[in-house]
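Number of protein chains: 2
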Amino acid sequence: MSSTLADVSFCIVGLGLMGGSLAAALSRAGCNRVIGVARRQETLARALELGYVSGGTLDLAEGVRQADIVILATPVRDIIAKIAHLGGMLNSGALVLDLGSTKVQICAALDHLPPQIQAVGGHPMCGKDSSGLEEADPELYLDKVFVLCPLERTTVASLDLCNLLLSSIGARPLLLSAERNDELAAAVSHMPYLAAVGLVNAAAELAGTDDLVWQVAASGFRDTTRLAASDVTMMLDILLTNRQAVLEALSRTQAQLSTLRLSLEQEDQNALAALLLTARAQRKELYP
Amino acid sequence: MSSTLADVSFCIVGLGLMGGSLAAALSRAGCNRVIGVARRQETLARALELGYVSGGTLDLAEGVRQADIVILATPVRDIIAKIAHLGGMLNSGALVLDLGSTKVQICAALDHLPPQIQAVGGHPMCGKDSSGLEEADPELYLDKVFVLCPLERTTVASLDLCNLLLSSIGARPLLLSAERNDELAAAVSHMPYLAAVGLVNAAAELAGTDDLVWQVAASGFRDTTRLAASDVTMMLDILLTNRQAVLEALSRTQAQLSTLRLSLEQEDQNALAALLLTARAQRKELYP
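Chains as they are written, first to last, in the working numbering: chain A, -11 to 276; chain B, -11 to 276.
Fair warning: there could be bad hints in the mix.
Copies of the same chain look alike in the list, so a pair counts if it fits in one copy or across any two.
Below, computed lysine to any residue pairings styled on SDA-like, alpha-carbon distance capped at 25 Å [claimed, not checked]: (1) Lys132 - Thr(-8); (2) Lys116 - Pro161; (3) Lys272 - Leu228; (4) Lys132 - Thr197; (5) Lys116 - Ala206; (6) Lys116 - Ser(-3); (7) Lys272 - Leu200; (8) Lys272 - Ser246; (9) Lys132 - Leu194; (10) Lys272 - Leu194; (11) Lys132 - Gly158; (12) Lys116 - Leu274; (13) Lys116 - Glu140; (14) Lys116 - Arg16; (15) Lys272 - Glu122; (16) Lys132 - Leu163; (17) Lys272 - Ala259; (18) Lys116 - Thr266; (19) Lys116 - Tyr275; (20) Lys132 - Ala206; (21) Lys272 - Thr197; (22) Lys132 - Leu152; (23) Lys132 - Asp199; (24) Lys132 - Gln242; (25) Lys132 - Arg210.
It is worth saying that the hints were derived from the structure and are not from the lab.
Put together the whole structure using the sequences plus the hints.
Okay, structure coming up:
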């Protein structure tokens, strides 16, 4: 393969927000051979019309047959299901990368690909609360962290190719084990999603007896609950394939809420202030 | 008093984000007599320089002496403390309004003002996670809900004057009892703040053993935890003066998280999906 990506043949499986944005970014970066695989003809037509792909098909086997790099951009359990069928479809030496948010189960599935296939797990730390091709943005990955999880089989050349790909879309690579990705993502992504869901459902409970609840909701509620609008198929797959790490993150957050509760129940102003000040300092350090 | 506000004499006590923004909005709306009361001379100088006030003083009694409308814009417990001293300082017939987020204790304090003083509790549903005069914005109140809590003593004329004030800054009045304000605000504002604090402190706990946590935090974590950056003095006062309603909102949210936890522990996909779909539909309805 050449040291630039112009001649590399890509196949992006799934043209939703993540896959569509990647196709758009690669095409904008000068990649001429970007094939999209979608479930619906209209999606392919629209991706072609937008110039995100150079061709498309509804047939996975046809799409991946000639690809140098196959990128799986569907929900996590769909990625796992597709990997099981990919082995016989791929060029020898093809590289499989995915965009799924949980990596332990996906990397385990990738491990079972035939040995002549290269593979790396991927987890871009970006997204939107809206989904679908129309939401795709060629700059979605720009300056964002993109976790790469090498497998035992992953060669230096394959990792270099991934880094070249990330560089062409402006993403910042971060090498992690699949286990570590899943634990960290549970804490800063999957748990915040559950908190947003819990806040909305708790407020809805009150709205059952007081219909003015939503009129009083302002920008704080809007931002804190933004993730609750995420695509449910995507999130359900994430939660169910990262169950243990999510439960641990949930335990930590539940314990923090119990501690906050106790200090408020006891009107322990010093303890409560200490908890609030710690969080504020941490948040300010993270987002100055 | 005239039917416009141009000749009304205002005194805004506290020139932070909320008071500074109100002063800026009133001045922009053509009010010529806006006196600010602050703790520091530099704040007064800066507010004058920015054209937010027409005059200022460090002395509460001097500031409120000639005011037709006094607006208290400091943290809740400071508002309550100041109300106790206001009675003897005010013009007969002056109107006291406040911007505190919790209203039961403030309105109870306002009830003890001398009978010739008019008073209305106020709670603007807007803000920022940053505080101080430099963050003030004359458009902060524009199109935002502004809760008004009339007292027993509140006359129609006083409420009309409040509505005129709100209209001049572009805010949308919502009449609520103090009790109802506090219950609703606990659900959509104070509880989301506690959730943000809990999420940050839980992630920080993990960061104690894995220093890459913050590198993986993306826009979802940023938005969900935005409120954790709020001013702690302000939030501590809010939580401690709205303890019972916040504890009830906390109970509802903790129950929702326990329900989510159970469905995930049991891998009950249908139950989990139902919870996520309910939250998503509600959130999408609220913010289409």
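Hint-by-hint comparison with the structure:
1. For the homomeric pair Lys132 and Thr(-8), the shortest alpha-carbon distance inside one copy (21 Å) is at most 25 Å, but the shortest distance between copies (52 Å) is not.
2. When the C-alpha separation of Lys116 and Pro161 is checked against a cutoff of 25 Å, the pair qualifies only within one copy, where the shortest distance is 20 Å, while the shortest distance between copies is 33 Å.
3. Taking identical chains as interchangeable, the C-alpha atoms of Lys272 and Leu228 lie at most 25 Å apart only when they sit on different chains, with a minimum of 23 Å there against 32 Å within one chain.
4. In this homomeric assembly, Lys132 and Thr197 come within 25 Å of each other (Cα to Cα) only across copies, at 24 Å, whereas the closest approach inside a single copy is 43 Å.
5. Taking the closest pair of Cα atoms, Lys116 and Ala206 come within 25 Å of each other both inside a single copy (20 Å) and across two copies (11 Å).
6. In this assembly of identical chains, Lys116 and Ser(-3) lie within 25 Å of each other by CA distance neither inside one copy nor across copies; the values are 27 Å within and 47 Å between.
7. For the identical chains of this complex, Lys272 and Leu200 are inter-copy neighbours only, at 17 Å across copies versus 33 Å inside a copy, given an alpha-carbon limit of 25 Å.
8. In this assembly of identical chains, Lys272 and Ser246 lie within 25 Å of each other by CA distance solely inside one copy; the values are 23 Å within and 30 Å between copies.
9. In this assembly of identical chains, the alpha carbons of Lys132 and Leu194 lie at most 25 Å apart only when taken from different copies (22 Å versus 38 Å within one copy).
10. Proximity of Lys272 to Leu194 under the C-alpha cut-off of 25 Å is restricted to the inter-copy arrangement: shortest distance 18 Å between copies versus 32 Å within a copy.
11. Within a single copy, Lys132 and Gly158 get their C-alpha atoms as close as 8 Å, which meets the 25 Å cut-off; across copies the closest is 38 Å, which misses it.
12. Proximity of Lys116 to Leu274 under the C-alpha cut-off of 25 Å is found in both arrangements, the shortest distances being 20 Å within a copy and 17 Å between copies.
13. Proximity of Lys116 to Glu140 under the C-alpha cut-off of 25 Å is found in neither arrangement, the shortest distances being 32 Å within a copy and 48 Å between copies.
14. Within a single copy, Lys116 and Arg16 get their C-alpha atoms as close as 20 Å, which meets the 25 Å cut-off; across copies the closest is 37 Å, which misses it.
15. Proximity of Lys272 to Glu122 under the C-alpha cut-off of 25 Å is restricted to the inter-copy arrangement: shortest distance 17 Å between copies versus 34 Å within a copy.
16. In this assembly of identical chains, the alpha carbons of Lys132 and Leu163 lie at most 25 Å apart only when taken from the same copy (14 Å versus 45 Å across copies).
17. In this homomeric assembly, Lys272 and Ala259 come within 25 Å of each other (Cα to Cα) only inside a single copy, at 20 Å, whereas the closest approach across copies is 37 Å.
18. For the homomeric pair Lys116 and Thr266, the shortest alpha-carbon distance between copies (19 Å) is at most 25 Å, but the shortest distance inside one copy (28 Å) is not.
19. Proximity of Lys116 to Tyr275 under the C-alpha cut-off of 25 Å is found in both arrangements, the shortest distances being 19 Å within a copy and 14 Å between copies.
20. With identical chains, the CA atoms of Lys132 and Ala206 are at most 25 Å apart between copies only, with a shortest distance of 8 Å across copies and 28 Å within one.
21. Within a single copy, Lys272 and Thr197 get their C-alpha atoms only as close as 37 Å, which misses the 25 Å cut-off; across copies the closest is 20 Å, which meets it.
22. Taking the closest pair of Cα atoms, Lys132 and Leu152 come within 25 Å of each other only inside a single copy of the chain (15 Å); across copies the shortest separation is 47 Å, beyond that limit.
23. In this assembly of identical chains, the alpha carbons of Lys132 and Asp199 lie at most 25 Å apart only when taken from different copies (18 Å versus 40 Å within one copy).
24. Proximity of Lys132 to Gln242 under the C-alpha cut-off of 25 Å is found in neither arrangement, the shortest distances being 29 Å within a copy and 32 Å between copies.
25. Taking identical chains as interchangeable, the C-alpha atoms of Lys132 and Arg210 lie at most 25 Å apart whether they share a chain (23 Å) or sit on different chains (13 Å).
Hint violations for this structure: numbers 6, 13 and 24, all remaining hints satisfied.
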